[in-house]
Every structure is written in structure tokens, then in C-alpha cells.
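Position chain P relative to chain Y; hints supplied.
Those protein sequences? They're chains Y and P, same order as listed.
Once you know that position 167 of the first sequence is 166 in numbering that gives the first Met the number 0, the rest is easy, because the numbers rise by one and skip nothing.
Once you know that position 370 of the second sequence is 369 in numbering that gives the first Met the number 0, the rest is easy, because the numbers rise by one and skip nothing.
The hints are simulated quantities; they were obtained by calculation from the structure and are not laboratory data.
Among these hints, one or two may not hold up.
What the hints assert, rightly or not - In silico DSS-like cross-links for lysine-lysine, where the CA-CA straight-line distance does not exceed 25 Å: (1) P:Lys396 with Y:Lys396; (2) Y:Lys85 with Y:Lys64; (3) Y:Lys21 with P:Lys362.
No experiment lies behind these values; they were computed from the predicted model shown.
Number of protein chains: 2
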Amino acid sequence: MPNHSINAPAGFLAAGDHIGIKKQKKDLALILSEKPAAAAGCFTQNTVKAAPVQYDQSIILSGKKVRGIIVNSGNANACTGEQGLKDVKSAAGAFASLAGIEADEILVCSTGVIGVNLPMDILLPGIGRVFAQLSKSEAAGEDAAQGIMTTDTFAKTAYEEITVEGAVVKLAGMAKGSGMIHPNMATLLAFITTDAAISAELLQKAFTASVRDSFNMISVDRDTSTNDTALILANGMAGNTPIETEGEDFEKFSAALYRINRKLAIDMARDGEGAGKLMEVNVRGARSDADARLIARSVTSSNLFKAALFGSDANWGRVLCSMGYSGGVFDPDHVSVNFRGAADSIDVLKDGAPIAFDEERAKTILTEKEISVDIQLADGDFAATAWGCDLTYDYVKINGDYRS
Amino acid sequence: MPNHSINAPAGFLAAGDHIGIKKQKKDLALILSEKPAAAAGCFTQNTVKAAPVQYDQSIILSGKKVRGIIVNSGNANACTGEQGLKDVKSAAGAFASLAGIEADEILVCSTGVIGVNLPMDILLPGIGRVFAQLSKSEAAGEDAAQGIMTTDTFAKTAYEEITVEGAVVKLAGMAKGSGMIHPNMATLLAFITTDAAISAELLQKAFTASVRDSFNMISVDRDTSTNDTALILANGMAGNTPIETEGEDFEKFSAALYRINRKLAIDMARDGEGAGKLMEVNVRGARSDADARLIARSVTSSNLFKAALFGSDANWGRVLCSMGYSGGVFDPDHVSVNFRGAADSIDVLKDGAPIAFDEERAKTILTEKEISVDIQLADGDFAATAWGCDLTYDYVKINGDYRS
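Just chain Y, with the same shape it has in the complex (with noise of 0.2 Å):
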């Protein structure tokens, strides 16, 4: 089988490995482009934006092509000062040197806890080390996936393959969730490399129409990061006609870049911390399509109904709670509920008066480890889809020590 890690595109390489940040799990993944890489992110709303967030914007908003990315987890290098913006510039010089490129052609990304220095004196020689790794096997793209992660329980990838113009351009994706994730413009980390050739434009179109579906559709604890980030670099070694206007090119490397965040995200909420099952929340019939977001990603979000979910409890008063305080507009009296299995489906409320339902058969619907809950407002024509994950008392219990 073919390689389909991060690597995997024309011109990419990776590694990941640790270097003693964390004890013993991994801690470090590169990436590395042989050529200049057009680069697009989408980056965290929190008002405290951690210096790799800040480092990074800067470079993505200076239109400058991009070379490679160092991303460590253990530490998060945010709330960590004026020394905290010069780790991230040591950190992309030390990996620039060793390739012989300028550092603000590397972006940096930090995951972890949050409020403590770096430790140069750690990181700088395992860049060298990790360095030398760098390889396109697909051993060193799984090493990269596993290197960012933190209390993910497996590692998130994702990858495409479309056929531009006879050109075959290809779509690798690697992330990182779990906690503190209720996204806002991106998620905690998650890399995209692609040999399209795309202009840096078109890429940052299709790179924010897709995050905003997928990684901003997700929420694990509606604890919204210091540190979240979504990266792409399309380095063009593809050879396919570059894509430099809207048209059917554009639409369907557009579609495989949905195809690949949405993959992650969902992966994501499959993965929050301590979840043991996926929430799909279907919004149709809304007034608008942010009334449609509002209310989906407030379904997600809520405490009760997440608890609810973890008893298999079909509690669906605690749904039409939450949308109700979403902020989305719509009218509770044409409300339908459904809650949805792999195998079986059934109703809750319709057009806001509630079923008598067979609280059996709803127990055995929510048991299953995928399900989605579908609101129809019967109010308009937009619709929104968001996902979370039950609320256990493992998340308590990660996030209860989380630092020791």
C-alpha cells in the first residue's frame, strides 16, 4: 500500500520523535518542502494567543512562501512573554540553519501546558537530531503524527488523491485534538501538505471555506485555545496546471481539502478527551446559515446533553435547551427531533410537541459508539453540521492532573 502520511505529496518530508520534553512519548515532528511552499493558515480568536500563534500569523499574513514546520507538544509556549516569541525565532533558525533557508520561511507550532518557557536546552538539539530523520518513508510520516500529539488516543490523518488537468495533485493531512477544543477559526494543530500547484490566494479560499466546516464545527469542552492552528503548504511539485483561478479546478481541490480537514476533525471529536462516542449534530430548515451553526455547535457543546449521551440517556429536552440558548433564532414549535444509529432511527419531538417513544429501543440507539441527532426547524432552507463527543468521567479525570 502506498505511503499516505504527511509525506506522502511530491517534495514533502517527515519525522517525528522525542527529544525529552514530554517522558516518553514522542515530542517533535518536522516537515520539510524541497521546494518554496505557497502556505495558508487559520489561527486561534483567543484573545491570549501564544507566541508560535503570533510568530505565524505574521508570516502567513507576509504572502512569503514557506519551507518547512516545527511543531513540538509537552509545552505550549503561550503566556510565556517577550522569551517566549525569541523561543519560537531560535527554534525556527536552528531547523532554517540545518536546511540552509531563512527562518521566517519555517513556522512553529507548540501544544501542551501552557504558562512555562521552553526548554531551549532540549529542543534545539533535538531539531538537530530530528533533523536528520527527515525522510519521505511512511514509518517518518506516522513518527510526524505521533510527535504532536498530546492526550490523543490515536493518531489523526487523513489523505486524497484528485486528478487536476491529467496532473494526479495530492492531499495529506496529520492533527491533534482532544482537549481544549472548541475551535475558533482552526483547532488546536492540524497540517495539510499538497503538491498543487495553487496560487497562495486560492489556497487561503479554499484552506478557510473548509476549516470553517470542519475544524470550527467541532467542539470537546468549549474551552476555545491559546494555541490553535491550521496550516497548508502547496509546494506545486504536483507539475499539474497551476490553479490560479475559481473554476472546476478550483472546486475540486477545494473539495478534496473538505474532504481531508473533515476527516480530522471528525476524528478529533471522536478522540476529545475521555470520549467514548461521536455526536453528528444535523441542523436543517434553519432561517440562516449562522442560526444553523449556532445552534448545531451549541447541541455539541452542552454539558447536560454530552452527559446524557455517556448514560445513553435520550434526554432530548436537554437538546432543545441548548439550542434555545445558541443565540440562533427559530421557533421552538416547529422543532423535529431524531436521534440515529448505525442500525436504528427514531423520533423524539415533531413540530415541537414530544413523541411517546420507546425508551428501550432509544437506550439502544444511543449505545452505539457513532450517533447523530437530527433537528429539523422547518423554519428556512440552511443547514449546518457539528460534532462533539460525550462528556465521561475520564475528562474529568485527564484534566483533573493534567500537569503532574
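Frame of chain Y; chain P shown alone:
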């Protein structure tokens, strides 16, 4: 010791008992004023408003004087359609006919499961039985406070006495909270009686202001209920010179009312579902009142910080993170944070820079049952205080199977 229950102010009677809506615990409370009382109320801003909320709002808006309140627990009468409103009117009518008054002199509140119609075959005879128990005794007042509880572990009451132009004016409050607590205009259920003579207009003004700084500043789980209702009845039987203009008497009354509401609100946060600790967040130095409120409430609402509190983990990065996504404006480089218990306090962030602090000492502070997070923004002159609780295994347990 004199009676400090809800029926302590002159002319108020109360009763509470188990009538069978819940399996065993008390589930009905009645309050009756011997004379018509000025009434004021604050209600949930949830789009989905329970039938009793819709009913009470229309009565309060009418400006009509009120004689009594009927409260059931065990069933929220929310998402119950036309039948829900009919049931509210039937309940009010039953109480009114026993008291020999009009149905629209009775307010109705419900709390409990959403989406199930009230069991009127149980409620109507129950009202008759509890009506016969109405009295001025402290025991009856305590029964009423218990009759409104759901998952609350203790009854929440408050009492104040003030002197207005030589006349003793009494105020008494009772409330229930626990889960689905993130009030917007009021909290789940709170009832204040007073024998003060005060105009309905000033009563509403004082009540709204105090609710804003008390019930609207607590959060258990960021879920704003469909049933939030806070009501106050003032029957004038203290015989004080009526408070009809703003001035010293109004200020004195407002201050006492705020003390009542604040005490009830803090008790609700302390008794949040599964909670083991009370969190008080004091924001100082904000650019505006709105910024101070948004930031204080966001910290009390963060699942991640709530879980850290459960684990006595001084994870101040989560405080900063939740401030950052609050919507409140501040400069992260100016922020100082201190964790404070009864015996000790510790600085963890000063002017935006982390402080190397003694982790063991911080853990000892955070192990206390009441913890203050003092946040100095150094950006302006506005302040706000919010209250919350930790996120525990028991919260998940209680809400994982609430209905069974």
C-alpha cells in the same frame, strides 16, 4: 430563635410536601400572602421558555398585584406545547379557588425533567393537600424550601431585616439550583418575600439590579435553563413609609435584597451538581463593566479550569485561556493572577509574566473548599465577581442518567 424562613415576613404563609410527582422527596411548595403584593420577576433568556415562564412573564408585565406562588419540582413543564400552558392555568386556578382569589393572582414555577406533561391527576389534589398545611411556622417554611429542590443537596435560604423610617422590614429568600445553571436574567428558581411597602416599579428596579450581580454571575455548567425564574413579592405589611422614590430607603432596601440574592446565588454555586468546591472569581481593573463580567463568568465556566480545581491543580494557564475566549477585552501583558484560600494565597502570574511558585503550597490552597481567583487586569477601573464550582466525576454521574 425567630423564624427566618420564606414565611417570616409579615403576612406570608408557606407549606411544602411530597405529593407524588417525585418518588419520595418533597415536590410541591406554596407561598401565600394575606394581602395583595407588588411583584417583580426575572426570567430565562432561553428561546425555549417553559410554559410557567411564559405565564408568569405575562402576569408580571401586566403589573397586577399577586397573592401567591405555586412551585413543583420533578417536572419542568417545558417543551410541552399547548397542554403545558393549560396545565399552568389549571394549577393556578386550583390554588386560587382554595384561597378565594383570581387565578391570575397566582404565579407558577416548575423544575425537573423537560418534555413531559405535568401529571395533573397528582398535582391538583396535591395542591389541595398542601394548601391545608399553609402556615407561619418555621417548619412549614422549611418544607417549602425543600419542596423546590431537585438534585440540590441542601435547601438554600437567606434572611435580612432592615429598618425603614422606624419600621422593621423583613426579607426572606429561598432558591434551588444545582444543574443547568448558567443563568441569563435569573437562575433556576429563586423566591423572595418581603413585607416592605414599595412601589412595583422600584421593586422591579432593585430586583433586576441585584439579580444581575448575583444569580446572573454564577455558572455550574454553562447550560442556561428553560425555566430560570426569580420572583419577589412585597406585600407592604411591615407598615413602613412606602418606598416610592429612589433615595436612602430604596438604597437600604436594595442593599438588603442584594445580600439575600448574593447569599442564595453563592449557595447555588457551592451546591452545583457534583460540586466539591466553591470558586469565586474577582476581576479588577477592567476597561468596562461588560468586560469585567464576561471575563469573570468565562473563568467560572471553563470545563478545563473547573476540572483543574477538582484536582487542586494550580493550572493558571487555563484561567488565562478562558479569559482570552470570553469576549471581554484586555491586554494579556498586564494580567496578574492570584489563588487565594482562607489561610493563604499565592501569586502565579504578575503583569503577564509567569511566576515561579511553590506548587505544593498552591496545591494546599486549592485543596480548600472555597477558593478565590483574584484577577487584576490593570486596564481600567471596572470590577465584577462571579461564582462557580469544580467539575467532578459526580457531575457526570448525576447527569449521565438523570431521568431514571
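How the hints compare with the structure:
{"no.": "1", "hint": "P:Lys396 with Y:Lys396", "result": "holds (13 Å)"}
{"no.": "2", "hint": "Y:Lys85 with Y:Lys64", "result": "holds (22 Å)"}
{"no.": "3", "hint": "Y:Lys21 with P:Lys362", "result": "holds (22 Å)"}
Violated hints for the displayed structure: none, as all numbered hints are satisfied.
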